[in-house]
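**Q** The chain contents come next:
Protein chains: 4
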Amino acid sequence: MNKIRVTIWNEFVHERENSHVAKIYPGGIHQTLATALRPNTELAVRTVTQQDEAQGLSSQVLDNTDVLVYWGHAAHDDIKNEAVDRIQKRVLEGMGFIPLHSAHWSKIFKRLMGTSCALRYREAGERERIWNINPGHPIAAGIGDYVEIPESEMYGEPFG
Amino acid sequence: MNKIRVTIWNEFVHERENSHVAKIYPGGIHQTLATALRPNTELAVRTVTQQDEAQGLSSQVLDNTDVLVYWGHAAHDDIKNEAVDRIQKRVLEGMGFIPLHSAHWSKIFKRLMGTSCALRYREAGERERIWNINPGHPIAAGIGDYVEIPESEMYGEPFG
Amino acid sequence: MNKIRVTIWNEFVHERENSHVAKIYPGGIHQTLATALRPNTELAVRTVTQQDEAQGLSSQVLDNTDVLVYWGHAAHDDIKNEAVDRIQKRVLEGMGFIPLHSAHWSKIFKRLMGTSCALRYREAGERERIWNINPGHPIAAGIGDYVEIPESEMYGEPFG
Amino acid sequence: MNKIRVTIWNEFVHERENSHVAKIYPGGIHQTLATALRPNTELAVRTVTQQDEAQGLSSQVLDNTDVLVYWGHAAHDDIKNEAVDRIQKRVLEGMGFIPLHSAHWSKIFKRLMGTSCALRYREAGERERIWNINPGHPIAAGIGDYVEIPESEMYGEPFG
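Protein chains in written order, with our numbering: chain A, 100 to 259; chain B, 100 to 259; chain C, 100 to 259; chain D, 100 to 259.
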């Protein structure tokens with residue numbers, strides 16, 4: 100069977116501009132994610148960033164991607180509408196799309212949802228417990244009842 | 100316009116058997132609920148209980164009900180399957196159905212959902228904050244961001 | 100109770116440019132629709148067209164609209180993105196939106212759906228039978244099992 | 100990888116009682132279905148019928164089934180509620196369930212849906228064209244735009 104072609108796209112801004120973040124993600128968040136996924140031999144993983152040609156989102160890259168993992172936060176406004184058009188086209192063709200963290204607020208996620216994609220949050224540094232509410236879904240395989248993050252921002256409804 | 104015919108059905112067990120509960124709901128939970136709804140002049144409110152004829156769920160009652168508010172907890176197993184059949188038939192004909200509290204575990208709710216209707220809970224006595232996640236829905240009119248209960252049991256996913 | 104403020108927006112191109120269509124809708128499709136709705140005293144109906152100021156879709160108009168009925172076909176590309184932004188904002192605030200006919204292909208409908216909004220069709224001149232598949236919904240009140248159009252284009256899945 | 104354990108359950112009434120049907124399905128519909136699925140080496144296919152022990156739906160069978168393909172029509176009332184309980188339990192545990200033909204009207208399908216599961220039909224002997232409305236779903240792989248049956252009963256909404 101052909102491998103699932105996973106492209107990890109990272110905005111790659113905080114890691115270059117903030118030394119604290121750089122220390123946590125020395126190669127960028129995309130490398131940390133890729134390192135976690137590469138042991139899975141069903142996947143062919145590559146990484147691109149907003150600093151690459153065509154912002155890392157060329158037709159050549161997207162047409163050879165089965166699942167796009169997308170991390171964005173600070174530079175949403177810099178993404179060109181043409182790149183958004185290309186991602187949307189591929190999602191409608193069947194490409195998987197996993198928006199991470201503040202990618203809920205990205206141009207492409209708003210485009211796909213048609214809604215504000217706003218949510219509530221507070222900087223809390225509190226323990227976050229993320230419940231596994233659909234344990235039968237393949238993406239939840241091997242996860243127990245919940246995942247905990249010791250100190251986290253808090254997010255809340257309404258979202259959409 | 101015709102009034103909306105609301106029937107409040109109450110199991111009416113705890114209030115008769117537990118003096119602590121009886122003090123909080125002297126006429127039964129059904130009366131407390133009815134008192135809250137009666138000022139709304141668009142509604143014609145009546146109450147029935149499991150102690151009434153046909154367990155309060157006769158065809159005569161149900162056929163004259165537009166919305167059934169249903170509170171149950173301790174006596175689910177005593178409800179006859181024929182009564183469940185009659186409620187289900189009316190829901191499929193368009194009757195509204197609002198199951199309160201442990202009615203998630205009632206025969207009729209399980210019948211309508213087709214699932215286990217199980218959930219998690221713990222007796223906690225903690226503050227419960229119920230967020231208003233669909234503020235545009237008519238049933239949420241006039242409610243702010245959330246409702247709080249000072250001391251409550253806690254419920255959790257998976258539910259279904 | 101306040102009336103429901105209905106705004107009927109019409110592209111108003113075919114009726115001005117095609118004498119055959121003009122004969123069928125002498126005042127434009129918007130007037131035909133308004134004439135049908137005005138007997139309903141719960142509604143306050145007004146009409147605007149793409150030829151009006153701000154393409155008929157100014158903030159002033161939209162902010163005073165509870166339900167927007169929208170008919171478009173030939174001039175989707177002429178609608179300014181700013182007008183689309185204003186409609187989307189109002190829909191997310193709760194305004195009802197009823198896109199008629201080829202408005203499935205309008206900028207605003209695509210914006211709200213996030214999908215291609217494409218469908219199949221053929222010019223057939225055949226009898227179309229539209230089934231009432233949700234007879235309990237208020238918008239279907241008084242409609243029987245189906246509505247028939249003697250000669251119609253035919254539409255098909257996939258839509259979305 | 101373990102094979103997907105497919106159990107094909109057949110009521111097996113028409114094939115035994117009607118010589119015309121017996122000629123079309125000499126071994127029963129279950130054998131025809133099994134013959135179609137067996138070339139797929141990812142599947143481990145077995146068949147059972149309502150004439151088998153525990154109506155073919157014992158815990159032993161169900162606990163070793165990943166996907167249940169279920170064909171019923173004339174003998175729904177004969178299925179014991181205990182068998183329905185066992186299937187429902189397994190579906191809620193994650194077993195796949197594919198009800199064929201009149202299994203829409205079976206006890207287990209009604210149990211899972213919580214609705215009437217009624218639909219409209221007429222004996223027509225007309226050409227039926229079944230459109231592939233979700234071509235991206237794995238179960239539709241290799242199917243083109245539609246499948247046609249030269250002479251068929253016709254079914255219609257409302258269904259549910």
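Do not take every clue at face value.
Identical copies carry no separate label here, and so any pair may be met within one copy or between two of them.
Said to hold, decoys possible - Dumping the calculated EDC-like pairs for lysine to aspartate or glutamate here, alpha-carbon to alpha-carbon at most 20 angstroms: (1) K102 - E222; (2) K206 - E222; (3) K179 - E225; (4) K179 - E152; (5) K188 - E256; (6) K179 - D151; (7) K206 - E225; (8) K209 - D177; (9) K102 - D165; (10) K206 - D177; (11) K188 - E247; (12) K102 - D244; (13) K209 - E192.
Worth flagging that the hints you see were computed from the coordinates, not collected in a lab. Please read these numbers as outputs of a predicted model, since none were measured by experiment.
**Q** Failing hints, ascending?
**A** 1, 2, 3, 7, 11, 12
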